[in-house]
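There are 2 protein chains.
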Amino acid sequence: MQRSLIGTPKTALDTPALCLDLGVVESNIRRMAGYFQDGPVRLRPHTKTHKSPVLAHMQVAAGAIGITCAKLGEAEVMAEAGLKDILIANQIVGAGKIARLVNLAALTEVMVAVDDAANVEELDRAARAAGVTLRILVEVNIGLNRCGVVPGQPVHDLACRVAVAPGLRFEGLMGYEGHTVFIRDPEERRRKTEESLAGLVESADLVRSAGIPVQIVSSGGTGTCFITGRYPGITELQVGSYITMDAQYREEVGMDFAYGLTVMSTVVSAPTPDRAECDAGLKTITQDFGLPRVIDPPGWELAGLAEEHGHLHRLDGPPLRPGDKVEIVPNHGCTTINLHDEYWVIRDGVLAAVWPIAGRGKVY
Amino acid sequence: MQRSLIGTPKTALDTPALCLDLGVVESNIRRMAGYFQDGPVRLRPHTKTHKSPVLAHMQVAAGAIGITCAKLGEAEVMAEAGLKDILIANQIVGAGKIARLVNLAALTEVMVAVDDAANVEELDRAARAAGVTLRILVEVNIGLNRCGVVPGQPVHDLACRVAVAPGLRFEGLMGYEGHTVFIRDPEERRRKTEESLAGLVESADLVRSAGIPVQIVSSGGTGTCFITGRYPGITELQVGSYITMDAQYREEVGMDFAYGLTVMSTVVSAPTPDRAECDAGLKTITQDFGLPRVIDPPGWELAGLAEEHGHLHRLDGPPLRPGDKVEIVPNHGCTTINLHDEYWVIRDGVLAAVWPIAGRGKVY
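One line per chain: the protein sequences are X and G, in this order. Mapped onto my numbering, the consecutive letters of the first sequence carry residue numbers 1 to 364. Mapped onto my numbering, the consecutive letters of the second sequence carry residue numbers 365 to 728.
For reference, chain X alone in the conformation it holds in the complex:
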């Protein structure tokens, strides 16, 4: 419905507007693809960040072997939009969800993570009943202490259960070094990441020693991609945030991708010269990784977020008046994007397209 607005300058859009800078996003996709174009590791970008089939297709066109999803609902959206070879990097539990998973597996290539023997049994039973084969990765807890079995014998034992299940095909292992992706010191980040990956790769070798092929060993986030992507034995990376970039990754971890996501906002009240209120609050932009950053006008910062308001505090910037525009870089793209129904896609400063965020809210 906003097609008639195409060509509108970014600064003239109704606000708050979640703006995707297409040139930056294309450059980030090309850059990440370029780093790994000669292998041996391959990219399977995580679509939990952008939730957009359009962007997922762009990642695949740039060389990604498939995509990673966080939830079954996201995977359904991506499959319906023509994406193939989808890893759901999560456990799918319970009869209702497994019925959906099996149905999805009959339509496209799907892999799913497991960390529990009873779950392996229920997946196998459902797959056999439906006459499909589910592709399985065993999830290994490599230090994040979230899901996953501990490295070593428990991985071997669960892999054996998968390998002998007629409805399942054991594809390999996955981990996630989420506990190291934000470590600021590069040497410490490298050391802790490699420690974590050692357990994953050694577990893969243990499974192989039982005569079970391990095709896939998947791990990695944006903050560790250059470590994990070069670690011997890792075959796939699940990078997500690099596509639009988060402030924490760029400014604290030092990852050299550009900001492709901003929120355009409008000042609605400017009661004193030193403070103003804009129309981007907690329902527009998240603060789970800290307060977002004002990039325009210079000399202003966000001092806090209420539900419907961003509290702007003047450092040394020009005075603001109601109606003035404020451009803000989210600190966490994944959760901010999840608040919005559409991207206002910007190229060279003007609106080029409006793309639905089709995976938004697909948490189930």
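There could be a bad hint or two in this list.
Unchecked claim - Think about it this way: if two alpha-carbon atoms lie no more than 25 angstroms apart in a straight line, the pair counts; the simulated DMTMM-like pairs of lysine to aspartate or glutamate are:
1) X/LYS84 x X/ASP341
2) G/LYS689 x X/GLU122
3) X/LYS84 x X/GLU109
4) G/LYS689 x X/ASP124
5) X/LYS325 x G/ASP488
6) G/LYS689 x X/GLU121
Said to hold, decoys possible - Example chain X residues on the side facing chain G (calculated, C-beta under 10 angstroms, incomplete):
7) ILE212
8) GLN215
9) THR335
None of these hints come from the bench; they were simulated from the model. Just so you know, these numbers come straight off a predicted model, no measurement behind them. Quick reminder that beta carbons are idealized off the backbone N, C-alpha and C, glycines included.
Following the hints, position chain G against chain X.
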């Protein structure tokens, strides 16, 4: 599309599911309406909390004189669903938004807040051009230090500008004592609230002394409704959260409304006896007012939220297994509801309806 699921027990729904307990919500609506049924203050409930025209109609049926909205987009949704007499308790700034506001005012009764003379001029110009009359409240900063002019002469001056603008109708004043609604000590909460309201009511008298009638003096949140609702000179309350209740209001401020909102979640991983992961993370439930609370099973708590996972920590509860259900009370309904597309409406423990959260994401 989920109509075929009606009658399903709450515990058998696909998760995560945002569940609205209809009996509790009806009781909360009745209770709040009952407190103020003899006046003189009237209720204009804030729909930013529930974002549901169905619930807004229930509040009006129970005696509310109209509704309050936070954003123009919410007001449009409510008006399209047949709600009348809508206060947008916010500034509407800029040509595009004002064009929408004027259009809405031609369809239904709308009021809007102002705190700036230039904004008054642009609203007047647009209203006259469209041949409508916009109803206006002057917003007063009564201590929250967000929007609003300071009490006293500035209120008088802005009210005079509104009163003489041919396209506008001055209706009165609004404030919001958001800085006192969470004060735990009842006496301090009362003292600080009454201090704030004094400035609002005195400003109204000052405006009246200039010969300008002040029909409406609106303020109040759930945490202060019994103070503000009995304060002489206040005519309307903008209560919102009471309808489903927030943990902070109930357990820290001591407001006696019941929890009408829970998230049903499923354990997806239980790696050790003392911890488990459920499928409700930051994209399902918010933590801006603190971590949500597990109400079932007993003896477990949330230790943290990741994007897609809730980290469950055992206190003295029974062991959990993948597939087990976990029921969680959000700590902040307003932002949690804004993550979801629909309410799973529960009565007597089973699904009674599925209601769209039509105002979700309508931040613009």
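Quick rundown of the hints versus the structure:
1. X/LYS84 x X/ASP341: The given pair, whose Cα atoms are some 24 angstroms apart, holds under the 25 angstroms limit.
2. G/LYS689 x X/GLU122: Distance ~17 angstroms between G/LYS689 and X/GLU122 Cα, so the pair holds.
3. X/LYS84 x X/GLU109: 6 angstroms, holds
4. G/LYS689 x X/ASP124: Answer holds: G/LYS689 to X/ASP124 is near 22 angstroms, not above 25 angstroms.
5. X/LYS325 x G/ASP488: Holds - the C-alpha atoms of G/ASP488 and X/LYS325 are around 22 angstroms apart, at most 25 angstroms.
6. G/LYS689 x X/GLU121: 19 angstroms, holds
7. ILE212: 22 angstroms, violated
8. GLN215: It is violated, given that the least Cβ distance between X/GLN215 and chain G is near 23 angstroms, above 10 angstroms.
9. THR335: Because about 5 angstroms separates X/THR335 from the closest Cβ in chain G, which is inside the 10 angstroms limit, the hint holds.
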